[in-house]
Amino acid sequence: MRTLKRFLSGLGMLVLLVVGVAILMLVPWPLLLVLVLVLAAWMGLTRSGRQAASVSWVGISTLPQRLGSSSVVVIGIAGVVGVLVALLAMGEGFQATLKQTGSDDTVVVMRAGAQAELNSVLGHDSVTLITQAAGVLKDKDGRPIASPELVVVASLPKKSSGLDSNVEIRGVGPQIWVLHPDLKITDGRAFKPGLRELVVGKGAREEFAHIDVGSTLNLNNQTWTVVGAFDSDDAHNSELWGDTDVVGSTYRRGSSSSLVTARLTSADAFDAFKAALASDPRLKVDVKTTRAYYTEQSAGLAKLIRILGTTIGVIMGIGAIFGALNTMYAAVATRAREIATLRAIGFRGLPVVVSVLLETMLLALAGGVLGAAIAWIIFNNYTASTLGANFSQIVFAFKVSPALVWNGIKWALAIGFIGGLFPALRAARLPVTTALREL
Amino acid sequence: MKYLHLVWAALFRRKTRTIFTLISVLAAFLLFGLLDSVHSAFSGAADSVAGVDRLVTISKVSFTVSLPKSLLPRIQAIPNVKDVAYANWFGGIYQDPKNFFPNEAVSDNFFDVFSEFVLPPEQREAFRKTRTGAVVGAELAKKFGWKIGDKIPLQATIFPQKGGSNVWTFDLVGIYHIADPKQRSQEGALFFNWDYFDEARQFGNGNIGWYIERLTDRNAADQVASAIDALSANSDHETKTQTEQAFNVAFIGQFADIGLIVGAIMAAVFFTLILLTGNTMAQAVRERIPELAVLKTIGFSNKSVLGLVLSESILLILIGGVLGLAIAAVVVGALKASLGSGIPMAPVDAVTWAKGIALMIGIGVVIGVLPALRGMRLRIVDALAGR
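Chains Y and R supply the protein sequences, listed in that same order. Per my numbering, residue 1 is the first one in the first sequence, and the count goes up by one each step. Per my numbering, residue 1 is the first one in the second sequence, and the count goes up by one each step.
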């Protein structure tokens, strides 16, 4: 009978634990806010609520006396949340950079099976056929808004490490500025068609040495000049742009290009455009909207970082939970007489449970906020780069978004809940007589 | 050593607290083991001793730009160059882009130059003789269940065949092994004959991706490298020659600064760990002040008390840490077995263990030193009186 009782109470605790963590992790914040309000109302309006409030207040007001051990909970949880938020911000930043590079009404046309722009080769005839296809938007002079592009790579030293890394050089057609209306030339001027001139993207300029505005660059024994810098606020910021034909002659590509990007009359024209190219026997191409193309490029790495970040977060979280458990058990032990006294003069178990739990979760909340704040201060807009699909560096900024911060705080509260629940239940079950007799 | 039972008893005086602390320590060193495994998988390729006598020649512009084959006899003629092999990146896809593995077209002396890729002589002969022959690493063969004699179709991403087809089918004629466990991630590649590749591809014929030179004298590396680069200086296809190690360091550096990321995470983990266990130790000693005073009364010296408390904290971290690293070793082994060689994780080896144990002792000392000093300095009268 006794073992059954113990088994049932263990089971009950487990259920309570799972339900609590699930509520914290899954419930959206408005509902959580309602829960907090309900708790506040209970504390203000009912008898047992008022008891809980006053016991909690005693616990919280004695926190300064237990500063050392309480700070273990705060800093332990801050460590977990800081690392978690920083890692997820890396994945989110990378994904955001690539996602905003694409749109639904611009398309990228590559040779069938090429997967990445760098692999693709399109002959001059194919390029002409693609730009003339139905569905491509025309400017007021009747020219299609499409750009034959050539993606090549140059190896340049990075500023940070001095090691050679790949930077992407993209040869672009004359319509490129119309295709990218949001792009701004921030320094110098645009390159002149027919000349060996380049404009450098904001990210590449920050990451690589020797490519600032005004510097010259030796590619295959030809001298190129960087005449301007641009900011496109997307993955193109990691690139250098020049005239397709001139880049092609430097890289001995003849008249071929890698791909064509084009603006369609509307996003709805995509299917017809794709069908038209597919039905042309002279073409063997893959057609994607730029949004689909760039989203695909980011999916693998973003997923990897998410899995990695969560795994590291869980392992660190386990460490922090046991740290919190230790601290809170010790706190309950030092307050054992006080709690027993309260119970002896008629306080119920629930207010005691609520007070210990509340105290732990407040400490956890502080830790979560601290960790997220540190991650935000150090890593928001921190730039990093990694190898992209075109075998060249993609520069991106970490993004500590409000959603990530909230996510981190939820983790903190869940850790606090687990770390506080068991000590809270222990406090409530403390046999009054033995606790009172304890020194 | 004779006080071990005393230290042990003190450590487990409060079982729950010690076990909870051990789990925190365990989690920290589990993470250390996993991250160090990832880190050494990346740096292991760069530290390889296998490639010390090899140089890599790529286009100065970038290694995605190809080089003319006419350089081959001229590189071979340079003194101290033993063999020259060459290769082209193929970038083919097996069934699905998610199945990514490196595949390259290589010259027929490739396995002479990369002598750490062990291929039985009869398989090497078959590779030489079979025009459409391919050789894969043991890990890769295991992952896809390939056996010698199988046909492996690859979807070309860069090089269609002359007729316009994207499908290249190879005959598996050999499986190579690598003895060094740290290098075993290189068992995940497929190599096929360059001559067949060059004959059948639609464009780029006669061009080579990169050359690999094996030297007779590794001390001549700098000299040979400049001699090779001088061959094409001021031409429109200048080369850049460096040791394989330098090439690998730059190549791996392109993915991310793994060392920095791992270092930052571990710094955060160990900082919180020191704080957490430090607090536990302080608490444990505070509770035991009267007991320590009794020890001193019955004749323990100040030094032995210091030693007792310090060994207690070191033992605490060692138990948790060794368990954590052991679990990490098992997890890494299981991950490698279930996901194949593709994942960049090196086995938890002696170096990791040595680093880990050094860290455990260091952390043990750091968290133990203040409580131990406190124990050493306590005055018996005050401590027994509870002052």
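Hints in this document: simulated from the structure, not taken from any laboratory. A portion of the hints provided could be inaccurate.
Here are a few chain R residues that face chain Y, going by a calculated C-beta distance under 7 Å [said to hold, decoys possible]:
id : residue
1  : F20
2  : T64
3  : T157
4  : D236
5  : G253
6  : Q254
7  : F255
8  : A256
9  : G259
10 : G263
11 : I265
12 : L275
13 : N279
The beta-carbon is built from N, C-alpha and C at its ideal position, and this holds for glycine as well.
Worksheet item: Would the stated hint for R:T64 survive a check requiring a Cβ distance to chain Y of less than 7 Å?
Response: holds, 5 Å
Discussion item. Hint validation: R:G259 versus chain Y, beta carbon distance must be below 7 Å. Holds or violated?
Written reply: At about 11 Å, which exceeds the 7 Å cut-off, the nearest Cβ of chain Y leaves the hint on R:G259 violated.
Worksheet item: Any CB of chain Y closer than 7 Å to the CB of R:L275?
Response: holds, 5 Å
Worksheet item: Any CB of chain Y closer than 7 Å to the CB of R:G253?
Response: Hint on R:G253: holds, closest Cβ of chain Y at ~5 Å, below 7 Å.
Worksheet item: With a cut-off of 7 Å, does the beta carbon of R:I265 approach a beta carbon of chain Y closely enough for the hint to hold?
Response: holds, 6 Å
Worksheet item: Does the interface hint hold: is R:G263 within less than 7 Å of chain Y, judged Cβ to Cβ?
Response: With a minimum Cβ separation of about 12 Å from chain Y (threshold 7 Å), the hint on R:G263 is violated.
Discussion item. So, as I understand it, the hint says R:T157 touches chain Y; can you test that by seeing if any CB pair is closer than 7 Å?
Written reply: holds, 4 Å
Worksheet item: Does the CB of R:Q254 sit less than 7 Å away from some CB of chain Y?
Response: holds, 5 Å
Worksheet item: Measuring from the C-beta of R:A256 to each C-beta in chain Y, is the shortest one below 7 Å?
Response: Hint holds; R:A256 Cβ to chain Y Cβ min 5 Å, cut 7 Å.
Worksheet entry | Interface hint status, R:F20 versus chain Y (Cβ within 7 Å) | holds, 4 Å
Discussion item. Hint validation: R:N279 versus chain Y, beta carbon distance must be below 7 Å. Holds or violated?
Written reply: holds, 5 Å
Worksheet item: Does the nearest C-beta of chain Y fall within a distance shorter than 7 Å of the C-beta of R:D236?
Response: holds, 5 Å
Against the hints set out earlier in the document, violations occur for numbers 9, 10.
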